[in-house]
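Protein chains: 2
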Amino acid sequence: MTKPEFGVNFEAYFLGPKGENYDFYEKLLKETLKDHIHWRKAFHADTSEDFITDADKRRADFRKSQEKIEDTLHRLTELLKKNQPFFSPRYIGHMNWETMAAPLIAYFSAALYNPNNVAKAGSTGTSDLEIEVGKDFLKLFGFDEIKGWGHICTGGTIANMEALWMARNMKVIPVVLKEMLKTFKIKDKLSTIPTKKLLKCFNPGEILDLKDLVLAKIKKAVQDDKKVENTFEHIDMQERGLIWEGKGIDIGVVFLPETKHYSLKKAMDLLGLGRQNACFVPVDKNYRMDMKKLREMIFEVSRKRPILAVVGVVGSTEESSVDEIDQIIEIRKELQEKKDMGFHIHIDAAYGGYVRSLFLDQNGNFMNKEQLAEQLKLFGIIGDKKERREVSWPHKEVFKAFAAMPEADTITVDPHKLGYILYPAGGIAMKDKRMRESIQTFAPYVFPRPQEGEPDALIGAYILEGSKPGAAAAAVWTAHRIMPLDITGYGKLIGETIDGAQALWYGLTHSSPFTFENNIKIRVYPVIKPDINIVNYAFNFEGNRGLEKMNRLTSFISDEILGYLPRNGKLILDRKFIVSTTDFTIEEYENSPLPFLQRIGFSKEEWNKIRTVKIIRSVIMSPYLTPDYVDVNYVQMFIDYLREEITRNSEQILKILS
Amino acid sequence: MTKPEFGVNFEAYFLGPKGENYDFYEKLLKETLKDHIHWRKAFHADTSEDFITDADKRRADFRKSQEKIEDTLHRLTELLKKNQPFFSPRYIGHMNWETMAAPLIAYFSAALYNPNNVAKAGSTGTSDLEIEVGKDFLKLFGFDEIKGWGHICTGGTIANMEALWMARNMKVIPVVLKEMLKTFKIKDKLSTIPTKKLLKCFNPGEILDLKDLVLAKIKKAVQDDKKVENTFEHIDMQERGLIWEGKGIDIGVVFLPETKHYSLKKAMDLLGLGRQNACFVPVDKNYRMDMKKLREMIFEVSRKRPILAVVGVVGSTEESSVDEIDQIIEIRKELQEKKDMGFHIHIDAAYGGYVRSLFLDQNGNFMNKEQLAEQLKLFGIIGDKKERREVSWPHKEVFKAFAAMPEADTITVDPHKLGYILYPAGGIAMKDKRMRESIQTFAPYVFPRPQEGEPDALIGAYILEGSKPGAAAAAVWTAHRIMPLDITGYGKLIGETIDGAQALWYGLTHSSPFTFENNIKIRVYPVIKPDINIVNYAFNFEGNRGLEKMNRLTSFISDEILGYLPRNGKLILDRKFIVSTTDFTIEEYENSPLPFLQRIGFSKEEWNKIRTVKIIRSVIMSPYLTPDYVDVNYVQMFIDYLREEITRNSEQILKILS
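Just so you know, the protein sequences line up as chains G and A, in that order.
All residue numbers for the first sequence refer to this note's numbering, where the first residue is 915 and numbers rise by one.
All residue numbers for the second sequence refer to this note's numbering, where the first residue is 915 and numbers rise by one.
Derived from the structure by calculation, the hints contain no laboratory data.
Any given hint could be a false lead.
The list makes no distinction among identical chains, and a pair is therefore deemed to hold if it is satisfied within one copy or across any two copies.
Unchecked claim - When the alpha-carbon atoms are kept at most 35 Å apart in a straight line, the in silico DSBU-like pairs for lysine-lysine are as follows:
1) LYS982 <-> LYS1314
2) LYS1099 <-> LYS1523
3) LYS971 <-> LYS1523
4) LYS1518 <-> LYS1218
5) LYS1218 <-> LYS1247
6) LYS996 <-> LYS1347
7) LYS948 <-> LYS982
8) LYS1253 <-> LYS971
9) LYS1053 <-> LYS982
Here the structure is a predicted model, which is why all the values come from computation and not from measurement.
Turn these sequences into a full structure, and let the hints guide you.
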């Protein structure tokens, strides 16, 4: 086993698929509980209060209550065993693997105190941890640590909603400023720009600068800061909503790739924008947003309407594809030059955000391509000498996309995905902290306006959520302190999963067909070589040109052989491998699945007829898939197992053909 | 100590202010971890995989990583000690007390499996627990268990947003149906009703029935169900947003009491409705929504605009006041009869929801007034024979309000408040599960449309959030299984806190003045006798008619004597009591604070000049405030401590006067 001698040894970070680190973590868990109890006892230790006495404990109803508690927890632990074995390299389904043990202990430890990070008054011990984590996000994405801001939320869905909410509310600010100039009778060239134009022509950074500039000018003239601020707040989007004096205000179109997470559609609905104001951009053969089409669509729309935002996905939910963020930046520049128009760039890196740590050296600097290739090779992270796979990661487009992330306005990132931290732990980072004021709500009992307190302690005034576990901040903080957000920490761990995904892709691509009697053969077809670590594939009978039969075959294999539910008397824990599935439908993907289908022999007509293709999806979050850390080749084992099971089920499988 | 011999003995449920139940819960915690490790080991136990070997553990980088983990967790536990001592009866600040220990262990235990309750595929062991919890909510609020639906979310903020989101989206359904009748050229009397009228005239239940009825009619005529459904989804609020063909569609006004939680203002912004479409209803002298004014305002608005929703608060954040839900129901009936108009009724019972368990007998039936009074007296829950306080809880208005809750449409409830469960655990219950379809979003990889699966397993398709901890469901489920949602369980525990709040209110009201030399006296003035268990009070110099001086005095006492931050070299843990504060401002409360201020000697002019009154707010979540369970009278101790500290700080205090 070649285990590189650099950076963290991530085998110490998990309980282990067989609970190998049980003793170590049990000790820490017990210490943490004991330590908390000491803290409680130290509080007014000198006083005579005696809450629960030995006599109390001897009462019959006390014992009965204890029995009830014990029984219930035992029942629970039994029920929990119906869950999926995320901890195993044999679980290659959804975005789950075992989470690091220390963040779990940190969560437990903090939950004993149960702080509420909505405001510092309820979280004197954990608000600061969240602020540190916010800075970690800024560093990870190359945002300025002073100008930017980041915080934890429940998950990527909330982060995506919050980003679009800020984008929506900021969009009208220039119009609000124009109205204010009129109200206060102040001359400024802004007043001469038509409202329609004002909604079109700025990027978020420009809007925020403009707001500062114009409000300062008005304040200087009016000599009553509070009045000016109140007036602003009285006519902005927060106050007015989307309908102004009975009329709808057109703040424009949001461009989403077909591979968008469904939460972005949800956000369009939630925010009152309506899904019809989202334009879905087709993806290219790598399932990345098609930049040529995006450019065309933007320029087409720009003739009539504002562009509110473009969302690029870094690590799509189904394919782990990485949109070319650098190209989105380029298109924005071009649009600005040619048409004097701007828009918000949001990156949904809920899945792929932590992958950026692979590109950062020990000092947190983004490496150039040569440095990166050298490091990956030197430390043997991706690519395995024992096989014929070549070190070809990352694609150059993927490299450029990660390099360009600091130029975006907002970024969603999920510690509870590739951060290997327990739920709930989502996050958002923004380039410019002034953005948060566009969605602020104050409440005197918990966060008075910042002049009266420290603004950074008022997390809850600037976010979508309210009460939130300080324990989640403790968990993420702990994870980031023990696992550096660079190539020596998360990079190394995630690199191994990319290695595993590449190995699985290679193994499936090069596997010989599964052969039945009568020379009937089944082949497995990976959809793309993944940008990160999700492998999609479908099964087909060689020569079959009927898409429905292929779908039935893939469904049979996924449900009967690789499914997550008990089947034929087999318990979940008897499953040798577990995958997840999805459907690429014409509704969600238009014709994007066509190149794949045509490559494996289907016609466009067949696609138009069936309109959906069943896909098996394996998210590789385990570092154990390749034999670098364990003397087992899971990729080979998986293919062998498939062969065995396909043969064993040949009767049922052949029925699909007839 | 008079400890009633009925129901659960809640002293067994907590770790205890001095960690008295440490041994019991440490054992359960260890068992749960061990049990999980067994589960891991049992998964393909026969195979030879050896992930982390003894040799691995001996490596230098493994030990180094372990040290880093250990050090970090030790650093964390030190930092956590900066948190507030929620566990103590001396903490009478925000809505926090110690949480039950078993739900915390349940959270830990489930987090070892780390299920994601967004969809059953990721939570085969915990989705069902959330569905059970949803049913618990329905029972608690008297909703029909078959027709209704409930689920867990991150907190009350999200629940309030989700409720108003559903209300918003449902409001346009009659108009959508009218358009569909036209599209499919089907005759129906609905087509003859003007759009403006359609937006006005229905309650949510009627809208849902109408949808079923009209869609069934169209389906029957068109003979293509899918086409009909697609058409509906293509022109509803989710798709169109708030702006229809460039025009704003007026879906009306939301009525909120001045005591509303700030999340409702946030929701107005988030949903694109704008805060200006919220009407804030003044509160009466008990800080309950003024029903006379609500009625007037509704009838006034109804002449021009639709009413979208009325939100009643059960347990206001600052005062624990309970709005008269029964009166809201009455007003809706009257509006329907007289004006043929309807609206959505949402109850924000984030704080007060669990209080309803006090009104339910052991069989879950809502007791009548006599039964309740008898039970409260019999079991000595509220009112203490040793003092002169009389058993006067609940006010008859409060009783009626809780009785009427089953007639609302949606209810927010927070297990992480009076459910004594760790963060995050919010919840929502709805009377009619068809509502959830108004905000549904599907995603093939995780929740295909329900015809292909069990709809109840697709929690994530019908909620605001995405990925969510199955561990939170395990925690709430455990709490509900060990602590019945009736008078023998939660009722008994919460009853003791109400008793404590009444005692504190009584003690403050009847305390003799704090006297200085020169016959200067300070008095403490409770604002109201609380509906539940939050006591608000302010301090004033006897005879002082200047509001600013009173505010400065109250601020001095709250910050210097009762504050939550270290001060004058004193650590938090040296604080003898800790409170929270708030400001009742004219912006939030208009003239509602006036009756209180006038009662204690301030003029209307003074209020209009100063516009804010500083209030100390004590949320009583500890059952130990009265000497029923411990031989200490904390109320008396608190007043004595105040007296002592006010004397000790007399020099600084007297400066305020000069």
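Taking the hints in turn, this is what the structure says about them:
1. Only between protomers do LYS982 and LYS1314 lie at most 35 Å apart by alpha-carbon distance; the minimum there is 34 Å, versus 58 Å within a single protomer.
2. For the homomeric pair LYS1099 and LYS1523, the shortest alpha-carbon distance between copies (29 Å) is at most 35 Å, but the shortest distance inside one copy (63 Å) is not.
3. Taking the shortest Cα distances, LYS971 and LYS1523 never come within 35 Å of each other, neither inside one copy (71 Å) nor across copies (57 Å).
4. In this homomeric assembly, LYS1518 and LYS1218 come within 35 Å of each other (Cα to Cα) only inside a single copy, at 33 Å, whereas the closest approach across copies is 55 Å.
5. In this homomeric assembly, LYS1218 and LYS1247 come within 35 Å of each other (Cα to Cα) only inside a single copy, at 19 Å, whereas the closest approach across copies is 47 Å.
6. For the identical chains of this complex, LYS996 and LYS1347 are inter-copy neighbours only, at 27 Å across copies versus 44 Å inside a copy, given an alpha-carbon limit of 35 Å.
7. Taking the shortest alpha-carbon separations for LYS948 and LYS982, both the intra-copy value of 24 Å and the inter-copy value of 20 Å come in at or below 35 Å.
8. In this homomeric assembly, LYS1253 and LYS971 never come within 35 Å of each other (Cα to Cα): the closest approach is 77 Å inside a single copy and 62 Å across copies.
9. Only between protomers do LYS1053 and LYS982 lie at most 35 Å apart by alpha-carbon distance; the minimum there is 21 Å, versus 49 Å within a single protomer.
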